[in-house]
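Heads up: the sequence lines are chains A and B, in that order. Sequential numbering of the first sequence, starting at 1, is according to my numbering. Sequential numbering of the second sequence, starting at 1, is according to my numbering.
No false leads were slipped in.
Here chain B is said to cover these stretches of chain A; the calculated rule only asks that three of the stretch's residues, wherever they fall, bring their Cβ under 8 angstroms from a Cβ of chain B: (1) 125-139; (2) 152-166; (3) 187-197; (4) 360-367.
Calculated from the structure, these hints are not laboratory results. C-beta: ideal position from N, C-alpha, C; glycine also.
Listed below are the residues making up each chain.
Protein chains: 2
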Amino acid sequence: METEHRVALARLEGPLRCENHGPIDLHLDIHQDNAAGSLRSRVETALREAIRGGRLAPGTRLPSTRSLCTQLGVSRGVVSEAYAQLAAEGYLETRRGAGTTVAGTSAPRPSAGGHPERLSRLRYDLSPFRPALSAFPRAAWLAALARVSRQAPDEHLGYPPPAGTPALREAMAGYLSRARGVQATPERILICSSLRQGICLLWSVLAEKGARAVAVESPGWRGIAETARDSGLASVGVPVDRHGLRVRELEALRVDAVAVAPAHQFPTGSVLSADRRSALVQWCRRTGAIALEDDYDAEYRYDRRPLGALQGLAPEVVVYGGSASKSLAPAMRLAWMALPESLAPAMAALQRLRGGMPAPLLQLAFADLIERGDLDRHLRRGRRLYRARRDALLEELDRQLPDLRVMGAAAGLFLTLMLPPAVEESSVLASARGNGLALQPLGGSEPGIVVGYANLDQASVPQAVKLLARSIGSARPDASARPDAGQNVTP
Amino acid sequence: METEHRVALARLEGPLRCENHGPIDLHLDIHQDNAAGSLRSRVETALREAIRGGRLAPGTRLPSTRSLCTQLGVSRGVVSEAYAQLAAEGYLETRRGAGTTVAGTSAPRPSAGGHPERLSRLRYDLSPFRPALSAFPRAAWLAALARVSRQAPDEHLGYPPPAGTPALREAMAGYLSRARGVQATPERILICSSLRQGICLLWSVLAEKGARAVAVESPGWRGIAETARDSGLASVGVPVDRHGLRVRELEALRVDAVAVAPAHQFPTGSVLSADRRSALVQWCRRTGAIALEDDYDAEYRYDRRPLGALQGLAPEVVVYGGSASKSLAPAMRLAWMALPESLAPAMAALQRLRGGMPAPLLQLAFADLIERGDLDRHLRRGRRLYRARRDALLEELDRQLPDLRVMGAAAGLFLTLMLPPAVEESSVLASARGNGLALQPLGGSEPGIVVGYANLDQASVPQAVKLLARSIGSARPDASARPDAGQNVTP
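For reference, chain A alone in the conformation it holds in the complex (with noise of 0.2 angstroms):
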């Protein structure tokens, strides 16, 4: 359809520009055959693509939400919808009597907008960061929201205890023993609204006791350099190899504090091995450095046994965190820390002062979903599904892909695939992009890309390695010379 969509709007002349004409007609195709998602994000997406593509100027008056409704055949709610997102991504400006126009700026701020809106243009979610949403047990959360709302005492309707519920507290310390080897009682949990909420505050309580510099992964998880920055400490860089952190490494630095994810590292996928665990340690005992585990995706493993949490060696120099972002979904907002005993009344006030604990309601909805075995269930479910479509990706890249090397493929929820020497990560993601797909780049000492395979179902996995193979292809170095490559990127 992309053909002839750009053939019918080319007939227009020039952007348009309709303030006093009454209703325009926006010239919008949300029903072409291979258009995908639901009819809002198809009516966003057509919108945002005539509004960057300078066919709606800035300043140009939209419809009203009943007009555009009526002109293309869907009901109100969805334009409002569309408008509304539109509007919160800076794309559209609505003012109360004006109506809703182009935002003024000619190059729109791809904002506030975040992932829902980057997921609608995709054809392929390839991320690492989204476990299957389609998998969410939406009928298990309802009941669990159901049994607390109606049964929480009214004093779990006023403020939280900093720390977090106590329900969920020990729900938490009995699960994270048995399912990961931290030992941690009831109270040395801390619940939180994510990692990064609770990262903020280890780094904010470790900088006020006068830590200075803490060492990341590198390559790793940006959010680690990022909160540390923000709570003005240094970070500092240390390699990662198929072994994980290169522990000697640190022995080198002054820093206060190290950041470090064994289970499964983003984004080599590579494990701690056993000896850097014991080194680590050590390490931290020697210098009185604290380590923070990123335990993020630990549930799921395939092919090896379970390793144990770091956080069970050392449990008075390691700060375990982990959440529900990669168990159930993101959009829980819950996260925990096993803290030091040293550490855990600072990191409750500091919880405290700056209002981060998640709402009490959600808290004992967990735990009633721990309590139930209802998580664990769908964990096994997820390790079911998430290997299927592992083990189909796997397939098809040796078929596809076979010269390429496949690392970290064992646990977690994506792979990293080791590019070929001469070819740029950044142009492998641009054709990528372009493809519809999008990836990670690894950005280690060689050239990888990481690919998130929790949201690609098994029959999508040819398609998406054939899009995939194509843009690796038109990013080697010699790719311009090949009749077929220019086509292939920029559809």
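Please build the complex by placing chain B on the supplied structure of chain A, with the hints as guidance.
Using the frame of chain A, we list chain B on its own:
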């Protein structure tokens, strides 16, 4: 040390029970070589372990703080704080006159303590911070949660947009415009987890832009100064009188922002006068300062016409902040800000970085509650309920404490009771605690107390005021001369 400690303990024959033997020796070892953490946390830990291990049995009476601090060689504050923390966690019970004992259950709830627990010891909850928790519309809230949990597209289960879900931002912009005269388009609305959480972001963003100091109301809500300090800003108190903040005194200060609660100031209950509102806005415009408007309980007013938000006068220099804590319940953990255009992008970016966004399903459910008119219905019921409770309280105060002046009763969830000049606030608070009343001090230039009535049902008013009168009576300087004073204070 562990071994020595164990040996020392083994010498004790059975659990300690020394209620009647004067100060007991707890054999706490807080000076071990490898002991970590502050003195307070070491004292806490030692006590907690002794209780959990069964060495200190339920019912055991602990030494007074004075006695234990001597035993341990630490300051008395350290011991008091440790006792308070363990009481909050449920390990200890503190009764006026009866000292501190190990809590009655042999397996104490290792709880987060927090408010619910503390409340349970109270006879009347006179907190100004909580709406009537029993009036929370559980059915409507659960219905909204159920609707959105079933209907929200999968993309709402991913990471939330940093500034809030578009649906709630739109609903809030409409609601705030209609209910509070706030001028804001959805893209200026930031949804946060609590007003504190949003204020932390604001101070940090202003500090990043070079701000150094913020003017705060004196007396005022301590959260403002606490969060400012946390963000590295100094805070400077500006007096409040019956017309609200003395805006003129800002002229002499070098501050970059001012925090003000124009609708119903805590704790004085005063309303910022029209002249001062206008002067405040002028001052902001002239100096480039930002005003934070804390509109925390503005939904409730009884005898006076509604006053629009300050923000409506000058949306480009005023940050409007409100929350669902008073209109629904603190446990909602939802708050919002209407931001000047110049601050909105930086606030959303910092919210993302710190991971403080509330759960999207909560946001969607709250939007649903607003759109269906459920929130308005709930607020209408609330106004009737609180007016009746306030009227009953005023009547009873007039009967039992006719000489004391009442302030700030025209709106909100509390009134301020001015005390006789010679009475100390702290004495009244201490007596009141003994009588089972939790009160807040006024903390201004004249003595006064803050009496919240949201959770005080009419039938309880006479008895609550009787206890209040008793508490004030026994705090009068001449009270000890009266034969019955002591009896009244410690029941």
